[in-house]
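Participant: Spelled out, the chains give:
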Amino acid sequence: MPKLKALSSLTLVLSDVTIAFVLTLFLSALAPDIEALGSLGFIVLFVVMSSFVALVTVVSLSFAKPNAAAKRVIAARDLAIYLREQALNEHTIVSVSHPDGTIAAVNQNFVEKLGYAPEEVIGKMPSMIYWNDDGEFERVRDVVSRGQIWKGHQRLRAKDGHCVTVETTILPRFDDNGHFENSISIRTDLSGAMADGAEEGRNAVVEGLPDEVYIYDPETFRLRYANANGRRRLRRTLDELRGMNLTDFFTVQETTRFKRHIGPVLSGETDIARLEIENAAGPVEVLTHLDRGPNGRRSLVSVVRSIEERRAAEAIKLTSVATVSHELRTPLTSIKGALRLMESGVVGALSPEAARMVTVARRNSDRLLAIVNDILVLEKLSSGEMEMSRRPVDLRELLSEAAEANAAFAAQCEVRFVVEGMREPAWVHGDPDRLMQVLANLMSNAAKFSPAGSGILLRIVDRGETWRVCVEDRGPGIPEEARQTLFDSFTQVSGVDAKSQQGTGLGLAICKEIVARHDGHIAFETEVGKGSTFYFELEKLDRIGSASERPAASVA
Amino acid sequence: MAELKTILHVDDDEDILEITRMALQLVDNFDLHQFGSGPEALAAVCEVKPDLLLLDVMMPGMTGPELWDKVREIPDVSDIPAIFVTAKAENEITDDLRARGALEVVTKPFDPMTLGAQIRAAWNRL
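Line order of the protein sequences matches chains Y and A. The number in this note's numbering is simply the position in the first sequence, starting from 1, with 784 added. The number in this note's numbering is simply the position in the second sequence, starting from 1, with 542 added.
Do not take every clue at face value.
[As the list claims (entries may be wrong)] List of simulated lysine to any residue pairs, SDA-like, C-alpha gap at most 25 Å: (1) K630/A <-> A889/Y; (2) K1101/Y <-> G643/A; (3) K630/A <-> L1112/Y; (4) K630/A <-> P1115/Y; (5) K630/A <-> K935/Y; (6) K630/A <-> M1220/Y; (7) K630/A <-> R1146/Y; (8) K1101/Y <-> A1064/Y; (9) K1164/Y <-> K547/A; (10) K630/A <-> S1273/Y; (11) K943/Y <-> G643/A; (12) K547/A <-> A1064/Y; (13) K1164/Y <-> D637/A; (14) K630/A <-> A1064/Y; (15) K630/A <-> A1097/Y; (16) K1164/Y <-> I616/A; (17) K935/Y <-> A1012/Y; (18) K630/A <-> Q1268/Y; (19) K630/A <-> D884/Y; (20) K1314/Y <-> Q1268/Y; (21) K630/A <-> G1287/Y; (22) K630/A <-> G1168/Y; (23) K1101/Y <-> R1146/Y; (24) K612/A <-> G643/A; (25) K630/A <-> E1111/Y; (26) K1101/Y <-> K547/A; (27) K1101/Y <-> R640/A; (28) K943/Y <-> A889/Y; (29) K630/A <-> I1100/Y; (30) K935/Y <-> M912/Y.
By construction, these hints were calculated from the structure, which means they are not laboratory data. In this text the structure is predicted, and so the values were computed from the model without any measurement.
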C-alpha cells in the first residue's frame, strides 16, 4: 500500500507540473495574439486548455490505476457476502422452494440434521418434514406469499423419526415484476441447545443424589456422565471418566454378565433391568434403563443404590415371620393329627356330612402347613442359611426326571408333560435338588392352569451363552395387571380358575430366589387366552470355567 | 432286638400328648407312658424302664436332648435308644442329634396314622 500511495502522489505532482508547464508555454507563445483573437480566441484557448487538462487528468488517473481501488471495494463486498452466506450455510438449515411450494434445493446442513438425501425431498412439499402438519404449512405459506417474513419455532421430523426443534425464518423473494417467486427458509437447530439445557438441569439434580448414577453409550459403554457418588466409587474425575468405558471397571465375566443382563432393556423387551450385587461394601441394587434425550441420542442410565438397610429390614421381617411360622407348626401338629385320626375312622365312624367337613378342615390344614413351610424355605434362602451345593448338572436329565416325578400330579390335573428330545446334554453348574424344586413348581403351576387333555411342553433352548429351560402351557395366560408382581411373595393371579386347590403364593418367589442364587434369571412370556411359557436361564458350564476363581464384583 | 413295647413320651404340649397317645395306642399297640416335662420324666424313668424314649426337642426348663443326657448318666437306663420330635426342621439340629446317636428325628407335624410305623421302622434298624 505505501508503494501505491507514493506512486499516485508522484503522478499527481507530475500532472500538476505538466499542466503548469504547458499552460505557461502556451500562454507565453500565444500572448501577443491573445487580445487580437478576442473572445472567440479565448474560448478556443479555453476549450483547448480544458481538453488538454482533461487529457492530462485522464492520463494521470490511468497512471494512478483508479479501477484497482474500485475492484478492491467490490471484492471486499463480494467476500463479505460470500462469508455471510457461508456462515449462514454452515450454521443453519437452508432450503429454497419453488413458487408452488415444493422444495427446490437444500443445503448440506439440511441433509445432515434431518437425515434426508436431497433427492428424497426435492420436488416434495415441505409439510412432509413437519412434525405434525395441522395446517401449519398453509398458514406459513400464506404469510410468506403476501410478502411478509415468517418467523417462529417449528418441530420437524427427521428421517429416522426423531424430532428436531428449530427456529425458522422464511423470506419471500419477488421477481422484477413484483410477483412472488420463491422463498428461502433458514432454520437453526435448537435441539442441541435444548438437550444441553435439559442435561444441565438434570445433572444438577442428579449430581447430588445419594445414589450413584452412570450415563453411558448403549453400544460402546463409553461413559458420558457419572454423578458425584459415582465418581467417588470409581475414584475418577469427570474429565478422566469421559475417555473411559464403563466396562473398563468390570472383569471379563462381569462384562459378559452385565451385557446379558441389560439385553432385554436394549431390545425393548423390558423397560428396566434390576440386578442385585453383593459388594464388599454391602449389597447394592442396580437399576438400568434406556434414556432417549431431547436430541434423540440414546443413553443407558444405571442407578446404583445401597440396599443394606432394606435388606436388614427384610431380614427382620422374614425372621419374625419365620419365628411365627415355627410357632405355628406345633398347634398345626395337633390340628392336623386330630383331623387325620377322625378322617381315618379309628376314633369312631363319622356321618357322611361330618366326614366331608373333616376332609375340608384337613385339606386346609395341609395348605396352611405348605405356606408355613414355604415361608421357612424362603427365609432360609434369603438369609443365605440355605446353602447351594452346586455341581455339574445336566439339565436334560433333570428335566426328564422332573417329568417323571410330577407325572402323577399331571394325571390328577388331566394333563401330561411332554419333554422335547435333545441330542446334546445341557450342562450347568447348579444344585440339582434346588433346581428340581424350581422345575416342580413351574410344572405344577402349568398343570394346574392348563385345560384338561392338553400337553405341557418341557424343553431346553440353546441361547448361546446360556441354557433356557422352558415350561410351556396352553392355559389362560397371565392378565396384564398381574405380570409385574408375579414373582413377589404371596402373589396369586386372581380371576383365573386353577383346577386344584390354590398354592401358597410363594412358589414363584422361591423359584426366583433359587435361580438368583444360581446367577441366573427367571421370566415368562404370556398371551391371554393362548398360554404362558415360564423359563429360567443358567450360564452354560463350559463358559463358567473355574467359577470359584471369579473375582468379586469390583464395581456396580 | 426284642419287640418294642414300652415307650416313654415327653412333650410340654398337652394336645400333642393326646394326639400321640391316640396315634400310638389306637393305630398301634404300645405301652405308652407320657410326661409333660423333662424333670417329671427323669423322676419316673427308672421305674418305667422303657424300651424307647420319644422326646420333644424344644421344651421349657429342660430340653429333650438335655433330658436324654441325664438319662444316659443313670446306669440302669443309660443305653435306652431315643427318638426326637421337633418342629424345627433345620438340618443342623437333625444332623447333630443323629450324630449324637439319636435313632430317628421326626418332624412336626407328623402323620398320626404312620407315626407308629415310623417308630417301628427306626427300632428295627437297631
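Participant: For each hint, tell me whether it holds in the structure or not.
Facilitator: Okay, the hints, checked on the actual structure:
1. For the proposed pair K630/A and A889/Y, the alpha carbon gap of about 84 Å is over 25 Å, so the pair is violated.
2. Taken as a hint, the K1101/Y and G643/A pair is broken in the structure, with Cα atoms around 36 Å apart against an allowance of 25 Å.
3. For the proposed pair K630/A and L1112/Y, the alpha carbon gap of about 11 Å is at most 25 Å, so the pair holds.
4. This hinted pair checks out: K630/A and P1115/Y have alpha carbons roughly 13 Å apart, not beyond 25 Å.
5. Pair hint K630/A plus K935/Y does not hold up; C-alpha atoms about 80 Å apart against a cutoff of 25 Å.
6. As the CA atoms of K630/A and M1220/Y are separated by approximately 23 Å, the hinted pair is consistent with the 25 Å bound.
7. Between K630/A and R1146/Y the CA atoms are separated by roughly 22 Å; this keeps the pair inside 25 Å, and the hint holds.
8. At roughly 24 Å between alpha-carbon atoms, K1101/Y and A1064/Y fall within 25 Å of each other, so this suggested pair holds.
9. At roughly 39 Å between alpha-carbon atoms, K1164/Y and K547/A are farther apart than 25 Å, so this suggested pair is violated.
10. Proposed proximity of K630/A and S1273/Y is supported: the alpha carbons are some 22 Å apart, at most 25 Å.
11. Under the criterion of a C-alpha separation no larger than 25 Å, the hint pairing K943/Y with G643/A is inconsistent with the structure, at around 80 Å.
12. With a C-alpha separation of about 58 Å, the suggested pair K547/A and A1064/Y falls outside the 25 Å cut-off, and the hint is violated.
13. A hinted pair counts as satisfied when its Cα atoms are at most 25 Å apart, and K1164/Y with D637/A qualifies at roughly 17 Å.
14. Using a Cα cut-off of 25 Å, the hinted pair K630/A and A1064/Y is violated, with the two alpha carbons roughly 32 Å apart.
15. Between K630/A and A1097/Y, the direct Cα distance comes to roughly 23 Å. Compliance with the 25 Å bound is thereby established for this hinted pair.
16. Pair hint K1164/Y plus I616/A does not hold up; C-alpha atoms about 39 Å apart against a cutoff of 25 Å.
17. The straight-line distance between the Cα atoms of K935/Y and A1012/Y is roughly 42 Å, outside the 25 Å bound, and the hint therefore fails.
18. A C-alpha spacing of about 34 Å is found between K630/A and Q1268/Y, which places the hinted pair above 25 Å, so the restraint is violated.
19. The hinted pair formed by K630/A and D884/Y fails the criterion: a straight-line CA distance of about 88 Å is larger than 25 Å.
20. At most 25 Å may separate the alpha-carbon atoms for a hinted pair to count; K1314/Y and Q1268/Y meet this at roughly 19 Å.
21. Of the supplied pair hints, the one linking K630/A and G1287/Y holds, its CA atoms being roughly 23 Å apart against a limit of 25 Å.
22. Restraint check for K630/A and G1168/Y: satisfied, since their Cα atoms lie roughly 17 Å apart, inside the 25 Å limit.
23. Annotation: proposed proximity of K1101/Y to R1146/Y is violated, straight-line Cα distance about 29 Å (limit 25 Å).
24. A distance of roughly 15 Å separates the Cα atoms of K612/A and G643/A; the hinted pair therefore holds under the 25 Å criterion.
25. At most 25 Å may separate the alpha-carbon atoms for a hinted pair to count; K630/A and E1111/Y meet this at roughly 9 Å.
26. Pair hint K1101/Y plus K547/A does not hold up; C-alpha atoms about 46 Å apart against a cutoff of 25 Å.
27. The hinted pair formed by K1101/Y and R640/A fails the criterion: a straight-line CA distance of about 32 Å is larger than 25 Å.
28. Our distance criterion of 25 Å between C-alpha atoms is met by K943/Y and A889/Y, whose separation comes to about 17 Å.
29. For the hint linking K630/A to I1100/Y, the alpha-carbon distance of about 19 Å falls within 25 Å, and the restraint holds.
30. Between K935/Y and M912/Y the alpha-carbon distance is near 19 Å, which keeps this suggested pair within the 25 Å criterion.
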